[in-house]
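Student: Let's have the full structure, built from the sequences with the hints guiding it.
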Amino acid sequence: MTRFYEYYSWPYRIDETPDGGLTGSILDTRTGRFTEKNEPLRKVMHATSTSDISALDEDEFVQLTERERAENLTGDGPIFALYDTVRATWDTARDEGRRITGEELALVEELYRRTFKMWEEEFARQDAGEPPSFQYRSKHALKDQREGESR
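Number 94 in full-length UniProt numbering belongs to position 94 of the sequence shown; there are no gaps in the numbering.
Keep in mind that the hints were calculated from the coordinates and are not lab data.
Glycine included, every Cβ here is placed at the ideal spot set by N, Cα and C.
Check before you lean on any hint, since a few could be wrong.
Distance windows between CB atoms, simulated [claimed, not checked]:
1. Leu22 - Arg99: 37 to 43 Å
2. Ala141 - Lys37: 18 to 24 Å
3. Arg99 - Pro78: 36 to 42 Å
4. Glu71 - Phe123: 15 to 21 Å
Straight line, CA to CA, 27 Å or less: simulated DSS-like cross-link-like pairs of lysine-lysine [what the hints assert, rightly or not]:
5. Lys117 - Lys139
6. Lys117 - Lys37
7. Lys43 - Lys139
Tutor: Written out as structure tokens, the structure reads:
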């Protein structure tokens, strides 16, 4: 059974291994993938809700993960078109000086569920040896590159 957490603002998940053990993984915002990170496993497992570690249900985990991916990755293809729709929804509400409506929030949440599934499918294809079906990059890498060019 997978358990979901927010660990110091990062999506963190704990999965059972085939031998009955546990493994932790955290979102790498430079790649969009979850990478193994077992160091905080014990701390996360034994934490009560604090401001630094919180248990999440699966949908809260999906929403947090996709907010981070949308914020930290850029690229082409259907995932990024959906992120653009989410961004436009928030921008419209801000520009109109209002809060996002319940209907708009439901749309954003549904779009994030879709993009989460699309990432999972993409990474499964890549892990099976297939080439990426779209191009993307870290916004951090772009920032690092720009800073290097300006030196």
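Student: Against each hint, give a clear statement of whether it holds in the structure.
Tutor: Okay, the hints, checked on the actual structure:
| no. | hint | verdict |
| --- | --- | --- |
| 1 | Leu22 - Arg99: 37 to 43 Å | holds, 40 Å |
| 2 | Ala141 - Lys37: 18 to 24 Å | holds, 20 Å |
| 3 | Arg99 - Pro78: 36 to 42 Å | violated, 28 Å |
| 4 | Glu71 - Phe123: 15 to 21 Å | holds, 19 Å |
| 5 | Lys117 - Lys139 | holds, 21 Å |
| 6 | Lys117 - Lys37 | holds, 22 Å |
| 7 | Lys43 - Lys139 | violated, 30 Å |
In the structure shown, a violation is registered for the earlier hints numbered 3, 7, in ascending order.
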